[in-house]
Amino acid sequence: MKIGIIIIFHNNENEIDTKYFIEKINQAPGLKICFVNNDSRDYTYNRLKMVKEACDNVSLVNIKKSKSDISAVRAGARYMNNNFNLDFLGYVSINLLNTNYHGIKGLIKTITQNQQEILNFNSENDLKKPVKQTLFQSLFSLIDYLKSIEVKDSFIKIQSISRL
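For the working numbering, add 1 to where a residue sits in the sequence shown, where the first one is 1.
It is worth saying that the hints were derived from the structure and are not from the lab.
If you're wondering where the values come from, they're calculated on a predicted model, not measured in any experiment.
Just so you know, not all the hints are guaranteed correct.
Computed spacing ranges between beta-carbons, pair by pair [said to hold, decoys possible]: (1) Ser149 / Lys65: 29 to 39 Å; (2) Glu14 / Asn86: 30 to 40 Å; (3) Asn84 / Thr113: 28 to 38 Å; (4) Asp145 / Asn82: 19 to 29 Å; (5) Thr113 / Asn12: 20 to 30 Å; (6) Glu24 / Leu120: 13 to 23 Å; (7) Lys66 / Asn121: 33 to 43 Å.
For glycine and all other residues, C-beta sits at the position ideal for the given N, C-alpha and C.
Please model the entire structure based on the sequences and the hints provided.
Shown next as structure tokens:
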């Protein structure tokens with residue numbers, strides 16, 4: 002399975018540890034990651050750009066006028082669909098996460114530690130389908146998926162079901 006992950010950011014400059022992101026994301030070469038900067042007024046875009054430049058599997062979409070989270074996910078999905086041949090796209094909006102205990106680092110760590118589980122997303126069901134899904138049918142909430150397969154991860158346990 003070829004899986005992409007879309008992560009939506011909005012004014013998260015202080016929570017982005019570029020060195021940590023680079024180190025962890027480089028440990029997940031099987032995933033294509035797309036950061037979407039949703040009209041941040043701080044230096045979020047600059048920090049994400051630094052990560053993108055250091056990681057071959059990271060793309061960056063910059064939205065200059067604030068959009069809803071679902072619109073930002075769609076922008077990332079269109080970008081990923083146009084540039085990569087992916088089977089599924091997972092998404093996460095940083096603003097909908099409970100980051101009180103683990104911060105955004107917890108999300109990045111969870112993604113890299115569960116890379117194989119993410120890559121195995123829906124492989125059984127996909128083999129039964131004769132027709133390729135449309136772009137938006139291939140979207141799934143990464144947090145909801147990891148909760149559904151009961152990943153043993155303290156970051157995932159404190160998250161609620163996606164509200165997108």
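Determine which of the earlier numbered hints do not hold for this structure and return their numbers in increasing order.
3
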